[in-house]
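Just so we're aligned: the sequence shown equals residues 1 to 336 in our numbering.
Because the hints were derived from the structure by calculation, they are not lab data. Incorrect hints may appear among the rest.
To be verified - Across the chosen pairs, the derived CB separations fall in these ranges:
| id | residue 1 | residue 2 | range |
| --- | --- | --- | --- |
| 1 | Gly42 | Gly255 | 42 to 52 Å |
| 2 | Glu65 | Gly255 | 29 to 39 Å |
| 3 | Val129 | Ile290 | 15 to 25 Å |
As the list claims (entries may be wrong) - Straight-line C-alpha distance at most 27 Å; calculated DSSO-like pairs for lysine-lysine:
| id | residue 1 | residue 2 |
| --- | --- | --- |
| 4 | Lys2 | Lys138 |
| 5 | Lys249 | Lys17 |
| 6 | Lys110 | Lys2 |
| 7 | Lys198 | Lys122 |
| 8 | Lys17 | Lys53 |
| 9 | Lys237 | Lys18 |
| 10 | Lys249 | Lys198 |
| 11 | Lys48 | Lys113 |
| 12 | Lys2 | Lys68 |
| 13 | Lys51 | Lys22 |
| 14 | Lys141 | Lys122 |
| 15 | Lys128 | Lys141 |
| 16 | Lys198 | Lys303 |
| 17 | Lys324 | Lys231 |
| 18 | Lys231 | Lys292 |
| 19 | Lys122 | Lys292 |
| 20 | Lys141 | Lys113 |
| 21 | Lys324 | Lys138 |
| 22 | Lys62 | Lys17 |
| 23 | Lys51 | Lys198 |
| 24 | Lys324 | Lys185 |
| 25 | Lys110 | Lys128 |
| 26 | Lys128 | Lys48 |
| 27 | Lys113 | Lys249 |
| 28 | Lys2 | Lys128 |
| 29 | Lys113 | Lys128 |
| 30 | Lys256 | Lys314 |
| 31 | Lys256 | Lys68 |
Since the model is a prediction, treat every value here as computed from it, not as a measurement. Glycine included, each C-beta is placed from N, C-alpha and C at the ideal position.
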Amino acid sequence: MKVSIVIPNYNGEALLKKNLPKVLEAVEGEEVIVVDDASTDGSIEEIKNAKLKMQNYNAKLKIIENRKNFGFASTVNRGVEEAKGELVVLLNTDVVPDVGFLETVLPHFKDSKVFAVGFLQKCPENGKVILRGRGVGKFEKGFLVHSRGVVSDKDTSAREHPRGVPQAQHHPWGGGIAEVEDFRKTLWVSGGAGIFRKSIWEKLGGLDTLYNPFYWEDIDLSYRALKAGYKLIFEPKSIVEHQQETTIKSQYSQGKIKTIAYRNQILFVWLNITDFRYLFEHFLYFPYHILKSVVTFDWTFLKGFMMAVLLSPKVLVHRNRNAKLSRISDRLIFLV
1 MKVSIVIPNY NGEALLKKNL PKVLEAVEGE EVIVVDDAST DGSIEEIKNA KLKMQNYNAK
61 LKIIENRKNF GFASTVNRGV EEAKGELVVL LNTDVVPDVG FLETVLPHFK DSKVFAVGFL
121 QKCPENGKVI LRGRGVGKFE KGFLVHSRGV VSDKDTSARE HPRGVPQAQH HPWGGGIAEV
181 EDFRKTLWVS GGAGIFRKSI WEKLGGLDTL YNPFYWEDID LSYRALKAGY KLIFEPKSIV
241 EHQQETTIKS QYSQGKIKTI AYRNQILFVW LNITDFRYLF EHFLYFPYHI LKSVVTFDWT
301 FLKGFMMAVL LSPKVLVHRN RNAKLSRISD RLIFLV
């Protein structure tokens, strides 16, 4: 199967300089597309410099420049649209794959129902290397609570978003891989460290641009794939290094990041959840979350809610589109 690699970039000059040559080496012979989201630093020059040095690699490097800053979902969608491969690897600028990382993931795509495969992520944290990558989560207090599950039979405490609550140890999506009979099961595949089948991507409509500028878009796409009856897999033998040096924190304030995260956490429910019990729980707990925001003087949840409300006309359109592709119930996804 032909493979393309898509790397979205926004003001990632330093990361490109450090990591792009390593990526080109790891994916020798494959098409590499860097989509720049109207960077204001020297990113374009750095990509062009890498292209000039391409004689050292057999990879084919293509540069796409957005005319303005659109956000992660739009940028990735453009790269996938241009990709010639049947399979598309998505890598963030702070992710470097090991040489040979594709060898263990490609066989999974012999099954035509497999949409995406997630990589094992080696994450340096506090002087240690933590292994992550298997998407875990559960529906609790009216929201999907998720994390990049720690690949361990002890530590399952990692959280991806600001409103995390303790997970049930034996929930099918909720523990370390040693607690799950099928340790390759994953609730979502990262849009910065995963490989996707382009034909199914197109059927699903790609990443939902309502999530721009960032966060939750890959979880949303993965969930839509599961509801449409497709398969997601976590492959622990396919390894990437995730340096966790995202440019988001340098471009946005912490308050803005939390507000967008809350907005998108709310949008996920409104766009995808159709089970009456889960929807009832969502609206039942809303006063609790609002009261918590007021008591703690953390207005980011309220701001995120208002931003979501402003998008409600578009949400209805996208929700109806998602429902037409749905084959599997929310309850079955969370309770199997």
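* Asked: Looking back at the numbered hints, which does the structure fail to meet, lowest number first?
  -> 1, 3, 4, 10, 11, 12, 14, 15, 16, 18, 19, 20, 25, 26, 27, 28 and 29
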